[in-house]
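So the sequence lines, in the order shown, correspond to chains A and B. Each residue of the first sequence is one higher than the last, beginning at 1 in full-length UniProt numbering. Each residue of the second sequence is one higher than the last, beginning at 1 in full-length UniProt numbering.
In short, the hints are calculated from the structure, not lab data. All C-beta atoms, glycine included, are put in the ideal place defined by N, C-alpha and C. Each hint should be verified, as a subset may be incorrect.
Partner residues aside, some chain B positions facing chain A, computed with beta carbon under 10 Å [what the hints assert, rightly or not]:
1) His92
2) Tyr120
3) Ile154
4) Asp215
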Amino acid sequence: MFLEALTLQLGYNATLVAVGAALLGISAGVTGTFLFLRKRALVADAISHATLPGVGIAFIAMVALGGDGRNLAGLMLGSALSAWIGLLCVQAITRRTRLAEDSAIGAVLSAFFGFGVVLLTVIQNMQAGRQAGLDGLLLGSTAGMLMQDAVIIATGGALTLALVLLLRRPMTLVAFDADYARSIGVDPDRVDLMTMGLVLAVTVVGLKIVGLILIVALLIIPPVTARFWTERSERVVAYAGVIGGLSGFLGAAISASAPALPTGPIIVLVCFGLFVISLFFAPERGVLAAYLRHRQFQRKVHIRQGLLALAQGQPVYEPLTIRLLAREGLARPDGIPTEAGRARAARALRDEHRWQVVHRSPDYEEVSSLHDGLRDIETVLTPDQIAEIDDRIGGPREVPA
Amino acid sequence: MAHLELATDHGQPLPDDSVSESPLAIRGLTVSYGEKPAVFSVDATFRDGSMTAIIGPNGAGKSTLLKAALGVIRPLSGAITVYGKPLRNQRHRIAYVPQRASVDWDFPTRVLDVVLMGLYRQLGLLGRLNAQHRARALDCLDRVGMADFAERQIGQLSGGQQQRVFLARALAQDAELYLLDEPFAGVDAATEKAIIDVLKTLNRQGRTVVAVHHDLATVTDYFDRVFLINVRKVAEGAVADAFTAANLQAAYGGRLATAQIDDLELAAH
Chain A
1 MFLEALTLQL GYNATLVAVG AALLGISAGV TGTFLFLRKR ALVADAISHA TLPGVGIAFI
61 AMVALGGDGR NLAGLMLGSA LSAWIGLLCV QAITRRTRLA EDSAIGAVLS AFFGFGVVLL
121 TVIQNMQAGR QAGLDGLLLG STAGMLMQDA VIIATGGALT LALVLLLRRP MTLVAFDADY
181 ARSIGVDPDR VDLMTMGLVL AVTVVGLKIV GLILIVALLI IPPVTARFWT ERSERVVAYA
241 GVIGGLSGFL GAAISASAPA LPTGPIIVLV CFGLFVISLF FAPERGVLAA YLRHRQFQRK
301 VHIRQGLLAL AQGQPVYEPL TIRLLAREGL ARPDGIPTEA GRARAARALR DEHRWQVVHR
361 SPDYEEVSSL HDGLRDIETV LTPDQIAEID DRIGGPREVP A
Chain B
1 MAHLELATDH GQPLPDDSVS ESPLAIRGLT VSYGEKPAVF SVDATFRDGS MTAIIGPNGA
61 GKSTLLKAAL GVIRPLSGAI TVYGKPLRNQ RHRIAYVPQR ASVDWDFPTR VLDVVLMGLY
121 RQLGLLGRLN AQHRARALDC LDRVGMADFA ERQIGQLSGG QQQRVFLARA LAQDAELYLL
181 DEPFAGVDAA TEKAIIDVLK TLNRQGRTVV AVHHDLATVT DYFDRVFLIN VRKVAEGAVA
241 DAFTAANLQA AYGGRLATAQ IDDLELAAH
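Put together the whole structure using the sequences plus the hints.
Structure representation (structure tokens):
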């Protein structure tokens with residue numbers, strides 16, 4: 001079943017949903033990246049919750065005009081308008097008062113959402129039967145998706161994607177350094193407004209598939225996941241698109257291959273799965289890599305400290321140090337150095353003395369700053385320079401090997 | 001009415017031509033955060049081809065003055081002209097080097113990409129980056145001694161290296177007026193030397209340099225003019241005339257011990 005779903009052989013509706021979800025995932029991931037880079041991920045939450053009153057009002061208006069209240073294009077238009085008003089409220093509160101943006105978001109988000117729920121309840125009592133499906137926009141509902149809906153979603157997603165690619169440079173500039181952007185004539189407020197407009201578009205496009213509550217996940221999790229794998233913003237954008245698209249497609253396929261699995265939430269869970277994998281296993285920024293780097297560093301520090309103590313005839317007390325020295329064959333389990341340990345200890349002490357000369361001598365000022373207690377001086381100076389330093393130290397030229 | 005009176009230099013009306021030729025002329029500038037002015041009714045005329053230090057104690061409004069001059073923050077009142085014209089059409093002639101602490105250095109980008117931001121105005125929305133742009137950015141990095149770091153992630157840089165990258169980005173703009181906010185703050189000696197060499201070279205080429213500066217000991221070596229500020233303007237002029245013990249005392253008040261002033265190479269007034 002799952003394989004058939006993956007290869008789009010599970011029927012008309014499943015195919016529409018899978019393609020639509022993949023497109024939505026790509027545009028959400030790419031758009032969300034700029035929100036993430038600008039450190040304003042929460043704004044997506046305000047925007048998405050502020051769509052709900054618009055959904056209700058659009059439904060009522062369309063019914064009052066004698067049309068079908070569930071027309072997706074109409075609902076999208078209504079939700080876009082109310083989300084825009086919500087966004088302007090957040091901006092006005094942030095700008096005119098001393099409240100921080102997160103407080104403004106909290107207030108606007110809950111007020112709009114509350115109002116939206118009231119409207120939905122009114123609609124439910126207003127006219128039994130016909131309104132069924134409106135609450136599907138909260139968490140997405142793909143069961144009755146029509147070709148017409150899929151076309152709207154695909155077109156909206158593609159347009160958003162094109163605009164994001166067009167605006168990527170000013171958006172990156174503003175995200176990195178808004179003051180500098182203003183100094184060269186790029187107005188950060190306008191760029192931010194365009195970014196928010198694009199986020200709004202993605203939210204509205206995503207209403208049918210993942211719903212307004214979960215769209216935030218598709219906007220934010222892909223860039224956060226992508227960030228684990230690269231240090232370049234244009235790649236974060238590309239990877240986030242891939243991660244979002246993959247989540248959308250896989251999630252839709254999984255939910256189609258089993259009865260009674262909701263599409264939107266499954267898409268979000270797939271996306272979160274990719275995030276968790278990246279969190280642990282990404283090569284540079286992943287938790288595992290960081291842990292291994294830390295352990296290796298700790299090992300080096302302990303061995304160095306242990307060797308210096310041995311060289312100066314001091315006892316080594318710390319169990320971890322003794323264990324590490326013993327594992328390297330440098331000391332016995334009781335902390336007494338072996339022959340190899342004595343030689344390495346003497347070399348470590350010699351290295352330490354050489355660094356001290358470097359610190360005292362103005363000739364080596366630039367090298368001096370490289371000293372971190374672990375770096376071997378032979379890796380930063382030429383043999384001639386080391387010989388010169390050894391002359392200053394005096395004593396035996398040959399360091400026991 | 002009060003505003004009109006303030007737009008003068010100590011009560012003397014300003015000669016018009018000095019303003020029109022100045023790379024940066026500020027008239028009656030007041031900037032306020034909340035209800036406490038950070039800069040109050042300041043006039044300043046920076047001379048073409050000069051190298052000016054803006055000095056004053058912490059919280060004296062030095063950075064604020066610079067940011068307001070660039071339109072980065074909106075003033076409460078005042079007028080800014082750049083080469084005699086409103087700032088709006090003159091931005092291509094100015095390059096700004098912000099304080100390096102003003103951005104997040106964990107941002108996912110490479111050194112070269114930051115410098116390429118300096119070419120943004122040339123590229124616009126649709127322009128494609130080509131080899132020429134990259135070569136120019138690399139050349140700017142080379143001028144600050146950072147060419148070897150072009151491919152590095154910016155998070156790996158030391159404070160001094162960050163500052164040099166910011167300077168390289170400004171160089172890429174190839175501007176006539178360079179405005180720098182504390183370019184020497186918290187940098188190592190090698191960086192300080194690299195930066196002042198670049199600035200002096202720019203100045204020799206006839207470009208105007210204005211820098212917020214905090215190290216009084218180097219004012220005489222680095223700059224030819226000073227602008228002293230403590231919310232209000234204290235003094236403005238050639239280092240030889242305006243960098244005096246009396247002016248420093250007026251700007252810094254009790255925060256500068258007499259002994260410290262004695263150590264400085266001050267003008268002989």
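A quick look at each hint next to the structure:
| no. | hint | result |
| --- | --- | --- |
| 1 | His92 | holds, 8 Å |
| 2 | Tyr120 | holds, 6 Å |
| 3 | Ile154 | holds, 9 Å |
| 4 | Asp215 | violated, 20 Å |
Comparing the model with each numbered hint stated earlier shows that hint 4 is the single one that does not hold.
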